[in-house]
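Sequence lines, in order, name chains S and W. This note's numbering puts the first residue of the first sequence at 1, with every later residue one more than the last. This note's numbering puts the first residue of the second sequence at 194, with every later residue one more than the last.
Everything labelled a hint here was simulated from the structure, so no lab data went into it. Ideal Cβ placement from N, Cα and C applies to all residues, glycine included. Be aware that one or more of the hints could be misleading.
[As the list claims (entries may be wrong)] What the simulated footprint calls covered on chain S by chain W, stretch by stretch (three residues with Cβ under 8 Å from a Cβ of chain W suffice, anywhere in the stretch; the number is not a length):
#: 1; region: 15-25
#: 2; region: 50-60
#: 3; region: 135-143
[Unchecked claim] So these bits of chain W aren't anywhere near chain S, every CB distance computed over 10 Å:
#: 4; residue: Glu-206
#: 5; residue: Phe-421
#: 6; residue: Ile-438
#: 7; residue: Leu-470
#: 8; residue: Leu-477
#: 9; residue: Glu-517
#: 10; residue: Val-564
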Amino acid sequence: MNQKKVLYLTVIFWLLIFSGFILYKEYTLRTGTEIILKTEPVDPRDLFRGDYVVLNYEISTLNLEEVQVEDPYFNYNDRIYLALEPENGYGVPKKIYKNPPDNELYIKGRVKEIIYDWEAYESNGMTEDPALKEIRVEYGIESYFVPEGKGIEIEHQQWTGREGGDVKVVIDKYGNAVIKSLLIDGKELKFKA
Amino acid sequence: MFDDDLIQKWLDEGTISDTQAEKMRIDIAEYKKEHKSKRQVIAFSTIGAILIGIGAILFVASNWEKIGDSFKVLLLVGSTIGIHYAGYHFKYENQRYPRLGSALILLSALFFGAGIFLIAQIYNINANNSTLVMLWIIGVFPLIYGYVSASVAGLCSLLFYLWIGLLYMERTDLENLISMKDLYLISGISIYFTGILHSIAEKLKHAEKTFKFLGLQAVLIALFVHTFEIWQYKVEIIVPLIYAILGILLLAVLFLKPLREKSRSLQADVSMPVIALLMAGITLTTIYVPDSYISAPVKFYMVLFNVIFLGLLTLLLYAGYNMEDIGIVNTAMFWFILLIFARYFDFFWELLPRSLFFMLGGLVLLVISIVLERKRRELKLQFSGGE
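Work out the full structure, taking the sequences as your base and the hints as a guide.
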């Protein structure tokens with residue numbers, strides 16, 4: 001192939017990847033519904049993207065006795081769709097689905113841990129299989145990137161804050177979520193100039 | 194110098210005249226000077242490109258708040274395209290600086306990765322995400338063939354290892370299927386296999402050595418980790434199956450007639466199916482022969498892997514000398530020394546008085562040097578037509 005063609009094709013291919021990536025996320029941000037999720041941030045570091053806070057949401061651990069479940073059998077890495085009900089701006093878990101529900105606001109996630117009720121199992125004389133107690137779910141919004149050195153500051157603020165940390169996320173109609181901002185004591189954190 | 198010896202031999206035999214000998218000496222000296230300077234340019238420009246690339250990635254990682262996100266994206270995407278065009282220009286249009294052009298193409302591949310990580314950072318995509326590395330590989334892989342770039346082949350191999358590691362961390366269920374060291378051993382053999390496949394067609398040959406070199410290093414690292422007395426060795430049935438398939442595929446490709454005839458590194462290449470099939474056998478044994486049948490299984494596997502590792506190094510040394518490939522010899526020597534150090538600290542330290550170990554070690558090295566010297570003399574004799 002002619003080298004000039006290789007150059008053009010590479011540039012077009014790269015621009016498609018960059019813009020596709022941006023458009024995919026912008027679509028969620030521009031068309032989605034805004035919701036607030038409760039969280040507890042801690043601060044580690046990514047090899048390529050620097051400091052970030054790990055966001056552990058209340059909806060990251062779903063108690064199966066408290067949240068309705070369409071089908072109570074889960075395997076590791078199963079795709080789930082968590083229907084959320086907005087209450088005072090906050091997203092409250094309503095029901096866990098195995099398939100995308102109709103006419104409901106839902107967030108897409110993957111089961112990362114299954115926790116069984118060992119206490120009940122032992123008290124029942126270990127006759128039946130242990131029941132599922134909780135599942136840990138990842139939604140792809142567990143990292144919030146901050147300027148170098150600011151992560152520890154946020155962690156500190158969150159510990160001293162009275163109301164703790166919240167995250168404003170935008171969820172599109174397909175259940176994809178993008179973080180919009182981090183809120184400490186209800187105030188949006190701003191870093192950019 | 195070897196070339197001088199040869200010229201002198203031809204002079205003594207009367208094959209060439211004094212004037213011809215002098216001309217040959219001047220030409221050889223010039224060729225060597227030119228070759229050395231070419232290698233220096235490649236080394237400096239590649240290191241320069243890597244340093245700038247690392248700088249760009251660190252710039253993204255610092256998440257500098259003084260510049261807005263859109264400006265940062267424009268800056269990085271613009272730089273990626275600009276550097277890529279400059280690389281193309283110097284390599285193909287201007288043609289006066291082809292090595293600089295190749296280095297700039299590598300740099301643009303690094304900038305492309307930095308661009309992906311910048312966008313992922315802006316949209317807070319989860320940290321240590323393997324999909325981003327996969328996207329980076331997909332974006333730069335075609336450059337290996339489009340621009341005949343061995344350095345991008347190296348970058349893709351390293352990214353592949355990184356992707357495997359991140360995927361393994363993301364998918365914790367993989368731990369139940371395969372250990373990290375087996376996964377890297379399989380990956381290394383696969384990359385080496387890719388190198389072998391690249392030796393089949395003339396158009397792909399530029400990437401052969403890079404894939405083989407990086408595949409071999411991963412194989413050696415993974416096998417080296419296997420030589421420690423740390424883990425109980427347990428695997429699932431899928432592991433011996435993968436090793437067996439890889440081994441058979443490698444053998445089938447290696448014994449293809451065109452490859453067998455053309456290959457200059459068949460002896461070293463054969464070590465890969467040997468390792469793959471050996472590992473298939475060992476992993477199968479761990480499944481069907483319970484540990485209770487082996488006294489001290491952890492120690493047993495440690496000794497076994499030490500023997501395999503030593504065997505592989507010996508095979509590589511033999512192949513390296515036979516093929517006169519100093520790269521393979523150096524690799525084998527490096528890992529041989531590392532193995533001696535590792536075993537000294539975790540084995541001989543307790544069993545033998547240190548003085549005895551050093552004496553023994555020295556003796557082994559002396560014997561090796563005698564063998565190598567003899568081998569070198571044989572090679573020289575063979576080359577000059579003597580017996």
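May I ask you to check that W/Val-564 keeps its beta-carbon over 10 Å from the closest beta-carbon of chain S?
holds (44 Å)
When you look at the beta carbon of W/Glu-517, is every beta carbon of chain S farther off than 10 Å?
W/Glu-517 clear of chain S: closest Cβ-Cβ about 34 Å, beyond 10 Å.
Decide, holds or violated, for the assertion that all CB atoms of chain S are farther than 10 Å from the CB of W/Leu-477.
Holds, since 26 Å exceeds 10 Å.
Taking a Cβ-to-Cβ distance below 8 Å as contact, does the region 50-60 of chain S have at least three residues touching chain W?
That given contact holds, which follows from 4 residues of the region 50-60 of chain S lying within Cβ reach (below 8 Å) of chain W.
With a Cβ-Cβ cutoff of 8 Å, does the region 135-143 of chain S contain at least three residues near chain W?
That given contact holds, which follows from 5 residues of the region 135-143 of chain S lying within Cβ reach (below 8 Å) of chain W.
Hey, does W/Glu-206 actually stay past 10 Å from chain S on C-beta?
Holds: least Cβ distance 48 Å, greater than 10 Å.
10 Å cut-off, C-beta based - W/Leu-470 kept clear of every residue in chain S:
holds (32 Å)
So is the region 15-25 of chain S in contact with chain W by the C-beta rule, three or more residues under 8 Å, or is the coverage claim wrong?
Since three or more residues must qualify, the claim that chain W covers the region 15-25 of chain S holds, with 6 doing so at under 8 Å.
Taking the minimum C-beta separation from W/Phe-421 to chain S, is that value above 10 Å?
holds (26 Å)
Beyond 10 Å from chain S, beta-carbon-wise, is W/Ile-438?
Check passes; 25 Å lies beyond 10 Å.
In terms of the numbered hints stated before, the structure departs from none.
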